[in-house]
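J.: Below, each chain spelled out in residue letters.
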Amino acid sequence: MPGLALPRPGQTLNRSTLRTTRPLSPMTPKFTSRLLAAAGLFAGVFFTTAQVAAADKPVVGFSQIGAESAWRTANTDSIKGEAAKRGITLKFADAQQKQENQIKALRSFIAQNVDVIAFSPVVETGWEPVLREIKKAGIPVILTDRAVKVSDPSLFVTFVGSDFVEEGRRAGKWLVEKTKGQAVIAELVGTPGSAPAIDRKKGFEEAIAGQAGMKIIKSQSGDFTRAKGKEVMETFLKSPEGKSINVLYAHNDDMALGAIQAIEEAGLKPGTDIVIVSIDGVKGAFEAMVAGKLNCTVECNPLIGAQLFDLVADVVAGKTLPKRIAVEEGLYDQSQAAAALPSRQY
Amino acid sequence: MIVDLLLWPALAALLWVNRRRPLLWPLVALALLLLFNRLFTPGFFALEIRDGRLYGTLVDVLNQGSKVMLLALGMTLVIATGGVDLSVGATMAIAGAVMARLAGVSIPVALGGGLGVALLAGAWNGLLVSAFRIQPIIATLILMVAGRGVAQLVTDGQIINFEQPALVYLGNGSLLGLPFTLALVLGMFVLTALLVRRTALGLFIEAIGDNETAARFTGLPARPVKFLVYVFAGLCAGLAGLVAASNIKSADANHIGLYLELDAILAVVVGGTALTGGRFQLAGSLVGALLIQTLGTTLYARNVGADVATVPKAIVILAVCLLQSPVLRAKLAGLRRPAPAALRKEGAA
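Chains A and B supply the protein sequences, listed in that same order.
Position 84, counted from 1, in the first sequence is what our numbering calls 84; the numbers after and before it change by one each time, with no gaps.
The number in our numbering is simply the position in the second sequence, starting from 1, with 1000 added.
If we strip away everything but chain A, and leave its shape as in the complex, we get (with noise of 0.2 Å):
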């Protein structure tokens, strides 16, 4: 990508910030208006990172789905800031939760011939043709966080992302070693019908399967939200087996942070009484562990930036890599969350 010249921040799109600052060879008139046509598609993309890569270094164009949260942007920032400590060039499009956006992106990609693409896909579907156009220029990609749907697998190279069944399944064992095998459990679900919430179900039973003293008695949708959660909760404690309740596995940290005060209001003491497990590692569940009304969090991680460019590189050397990697990530227990505390991001 030498020679082009990427607008700079406050500079508008048009015709002549468009046009290469240094005279360049290979600009045949044809790719010159496929080079236009291209940029004119990126009118509404949004680029951060724009200065020439030093020769050795790989192009890359990563889309990500949008801010949705901050979850989300935490893990733009990650990408971002280990592209700059590494002096990668990163082309970063927002895709502001539209496909289309998205699709256009990958397209622009494609034009600008970066040497690989990554994104984290809005939806799973309707990515065929376009992943078929950056096979067919020879582009690498790479899928962060979230999994596509396609015919042919050979359209990535692979997906980074976590495995919410493994998730699932850590938070179980840590369980089944802090209660040694005796809990009657009360299970906050996620969103009904979305992949961490079926995947953090299935892991955990899989965890506990084999304990004959764990019961789960109360399983109930909080929606991921605090106040499902609390509202939940309050139901469960005052339900008839509800005094027996003496584990609460929560699918993400919101909806525990919102039982914690259910918990609190029937008067009695979350992460005494209650054992309370939940996953994603937010800060405010740390700040609950120091607080010591929550025993356990297992992370799940959006600080993906440095395992992602020693994937690129590693695509880029030509290794072959394994289609599905989990994302690195930590367990954090009481002991450990007030060291944790300070360095958490999000």
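All the pointers check out, no bait thrown in.
Straight-line alpha carbon distances no greater than 30 Å define the calculated DSBU-like cross-link-like pairs of lysine-lysine that follow:
#1 Lys180(A) x Lys201(A)
#2 Lys80(A) x Lys98(A)
#3 Lys201(A) x Lys1313(B)
#4 Lys269(A) x Lys178(A)
#5 Lys98(A) x Lys201(A)
#6 Lys57(A) x Lys319(A)
#7 Lys269(A) x Lys173(A)
#8 Lys243(A) x Lys1313(B)
#9 Lys80(A) x Lys319(A)
#10 Lys202(A) x Lys1313(B)
#11 Lys180(A) x Lys215(A)
#12 Lys215(A) x Lys1313(B)
Hints in this document: simulated from the structure, not taken from any laboratory.
Given the coordinates of chain A, work out where chain B should sit on it, guided by the hints.
T.: Okay, now just chain B, sitting in the frame of chain A:
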């Protein structure tokens, strides 16, 4: 059980008093649902005093239901003018976000700020509907879509926590052993009822809802009244937003009040107010809101999976709507007292 001694005679008395009023049907549905829970859901009626306040599922129903009850009050008046306000859920999110943002400044500023933006949101809707004559469903759709974005901007996309006791009291505190939110709802209800039943305002609203042109020709200030009902709906939504944020001690801009506008509309309709405007049932809307909340809590308490919980909910709502359908009721009445054939013919002629 003391609860039974108090509750059932009170319900029976309410039913008897309203036996010829539209309020009867939502009350019947609520009574039946409560009876079902009394018989088949263990622990639903258990009440005890804990930390100086009543503690039990029934109390939760009142506390959790307060948000939709507040929304339903404002929504009733809007629907009575023949309009609808889809933006109340988003307004709740904005009010909650502003309160959380200002929580550190001072309590009056936080409360005033939250209610202030809610009033502004209501005024915006009112302006679009009354001055620019945009269809209410479209006018309020704008804020419904944009409002949550505004709330996100206010909170920077983060969940903002607050701990100020006064703000936490709003959604969690208790007054005389009962949730403070109940007092808030009752206060707003009495205020609204006085406003619309002791002044001509209620009559104006019904007249405008029935036939706006005719109302204007008789000299009613149709547009200012319409503007005001949207402002009032905004105020109710603001209060509900503050309660919702206070309830979880944080402003969660993505989720506060999500889809509650639909529950509020449902409560109003179940309560016996027609979407076509005209006559309205303020108390009916409250009963409707309570019915919806009781239904939701029943499903949690009976451990009905969330993926199928919408089905029993839909069935109950359908039953209440059918009970209120004039056509069906006429048919049912006909079944009960089959008129002699000759008489019926005479009536038809």
